[in-house]
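Line by line, the protein sequences give chains H and C. Under the working numbering, the first residue of the first sequence carries the number 1, and numbering increases by one thereafter. Under the working numbering, the first residue of the second sequence carries the number 1, and numbering increases by one thereafter.
It is worth saying that the hints were derived from the structure and are not from the lab. All figures in this text were calculated on a predicted structure; none of them were measured in a lab. Be aware that one or more of the hints could be misleading.
[As the list claims (entries may be wrong)] Think about it this way: if two alpha-carbon atoms lie no more than 20 Å apart in a straight line, the pair counts; the simulated PhoX-like pairs of lysine-lysine are:
1. H:Lys102 - C:Lys70
2. C:Lys109 - H:Lys104
3. C:Lys82 - H:Lys102
4. H:Lys104 - H:Lys118
5. C:Lys109 - H:Lys15
6. C:Lys73 - H:Lys102
7. C:Lys104 - C:Lys72
8. C:Lys82 - C:Lys108
9. H:Lys102 - C:Lys5
10. H:Lys104 - C:Lys108
11. H:Lys127 - H:Lys61
12. H:Lys118 - C:Lys5
13. C:Lys35 - C:Lys5
14. C:Lys82 - C:Lys35
[Stated by the list, open to error] Pulled from the structure, derived: some chain C residues nowhere near chain H, Cβ distances all over 10 Å:
15. His3
16. Lys5
17. Glu9
18. Asp10
19. Glu20
20. Glu28
21. Ser56
22. Lys72
23. Arg84
24. Leu92
25. Leu97
26. Glu102
27. Lys109
Glycine included, each C-beta is placed from N, C-alpha and C at the ideal position.
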Amino acid sequence: MSYQYNIGCSLNNLKGVREFIRNSLKGQGVSELEMGAIVLALDEMCSNLMIHAHHCNPDHKISMNIHISGHQQFVFEIIDDGSMFDINQYQEQELDSLVHEKRKGGLGIRLVKSIMDKVEYLREDGKNICRLTKTI
Amino acid sequence: MVHIKRLQEDGADIIAIIGEIDASSSIELDLAIAKSVGDGYRKILVDCNGLEYISSAGLGVFMSYIEELKDKKVYLVLFGLKERVLNTFSILGLADLLNIRETKSDAKKLVDELSV
């Protein structure tokens, strides 16, 4: 089964993204805690993309695809045509130093890496595809 | 969308968060805490009973105040977190850096002990 959701790059649309994910994963045997974690990771990826690659321009569109195969394997793809930022290349700062520097940011990527099994980047037909995989 | 209410009880400022905190709404939380600290409260309780969701933007707000509150001897305690919300704090290890209690009375007790 596959689901698709298209969104303009406004942070006000994040709520809709979260609802789309919850609805798509309903009835798939995902516990409330796991559901919460998956929704969180994808919210983080979308908000990062909206802010950093699209400067929250609502005319810029991103797409999210969800592919659900048997054995409770979920593949999420976030597709856009902005500048690509590979979170695998990003070295997170230690929590202590973020606290010390009174930083507000720097936590999202850490969350995504802790929650998802794999994060890959591909380029197809001039588009960036960020593919996140999670097996429950 | 998030709705934030402040009320005062026994010398503590209580910030109640109702709704969801994400990148679009974390500023509201930031302003509420800044206002509470600015008003001179040394005991701040954050009522999370109505908090349905928090993303890293909201966690970042709490994180960014840790040092400032320590310097100013202001004590902040969160209570009433739903399991899935608490889980978000725990994934990052932030649950260990913040004061979190289950109930309002436990939170009051802790903030009273800390501020002695």
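Those earlier numbered hints the structure runs against, lowest number first: Result: hints 2, 3, 4, 5, 7, 9, 10, 12, 14, 19, 21, 23, 24 and 25 break, sorted rising.
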